[in-house]
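Letter 32 of the sequence shown, counting from 1, is numbered 287 in the working numbering, and no numbers are missing.
Some hints here could point you the wrong way.
Distance condition first, Cα-Cα at most 20 Å in a straight line; then the derived PhoX-like pairs of lysine-lysine [as the list claims (entries may be wrong)]: (1) K271 to K327; (2) K399 to K429; (3) K399 to K438.
It should be emphasised that the hints constitute simulated quantities derived from the structure, not laboratory data. Keep in mind the model is a prediction, meaning the values are calculated, not measured.
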Amino acid sequence: MGSSLAVNLDDTALLKEYAHGNREAAIIAFVRRHQRFVYSLALRHLHHNHDDAEDAAQEVFIRALRSLESFKGESSLQTWLYRITVNVCHTMRRKNVLRSWFARSDEDTQSIELTDGSPDPEQRLLDAHFHDAFSAMLMTLPDKQRETFCLRYFDELSYEEISQMLGTSVGGLKANYFHAVQKLGQLLQNSEYAPQRRSL
C-alpha cells in the first residue's frame, strides 16, 4: 500500500498496516496524522518556544515509534501520544529551567521588518504582542483549567477525548472550561486588547 493511501487510514487500520503491511507507509501516515497535535501540545507545554517544541515533537515520535508495535490499544493513539508528549515536555522543562516562560525570542520579533512586503506588517507585530499577552493570561489559570481550555479551544477535541487524556469526568471538564473562559474573558476585557477580543 502506498503512503498516499495509508494516510487516509484510521488509527486501527494504520496499526494493522504497521504490523502486517507496508511499515514505512504506516510510519509516514502516523506522523502526518498526529504531528500537528503533538507539536501544538508541545508548544503550549514549552511556553511557546518553537525550537524546543520541534525538538520535543521529534523526540515524541522517536519514542512512539519504538513502542508502536507493542501498543495495546487500551486508549486511543492520540491519548497515548498526549501522555508521551507531556512526559517529554516535562523532561525538557527541567533541563531548561532558566529559560523564559514565554520564549518568543526578541530575534523573532525583530525579524518582522516593516519593509518585508507583507500586506500589513504592523498588524503582524501587533498579533505577536497579543500572542504573548494571551499566553501570559493562560498561565494564570490553574493547570487543569488551562489544559482543558487549550485542548478544547485550540485542538478542538471533544470532552470525551479530553476526559480520556486527563482522567477527569466530562462534567468536571465542562466546569473547568467554563471557569477558564470566564477568567480569560475578564482578563481580556481589562487589557489593552479588549476591542480585539476573540469570542471564546
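Quick rundown of the hints versus the structure:
Taking the CA atoms of K271 and K327, the gap is near 12 Å; set against the 20 Å cutoff, the hint holds. For the hint linking K399 to K429, the alpha-carbon distance of about 11 Å falls within 20 Å, and the restraint holds. At most 20 Å may separate the alpha-carbon atoms for a hinted pair to count; K399 and K438 meet this at roughly 14 Å.
Going through the hint list in order, the structure satisfies each hint without exception.
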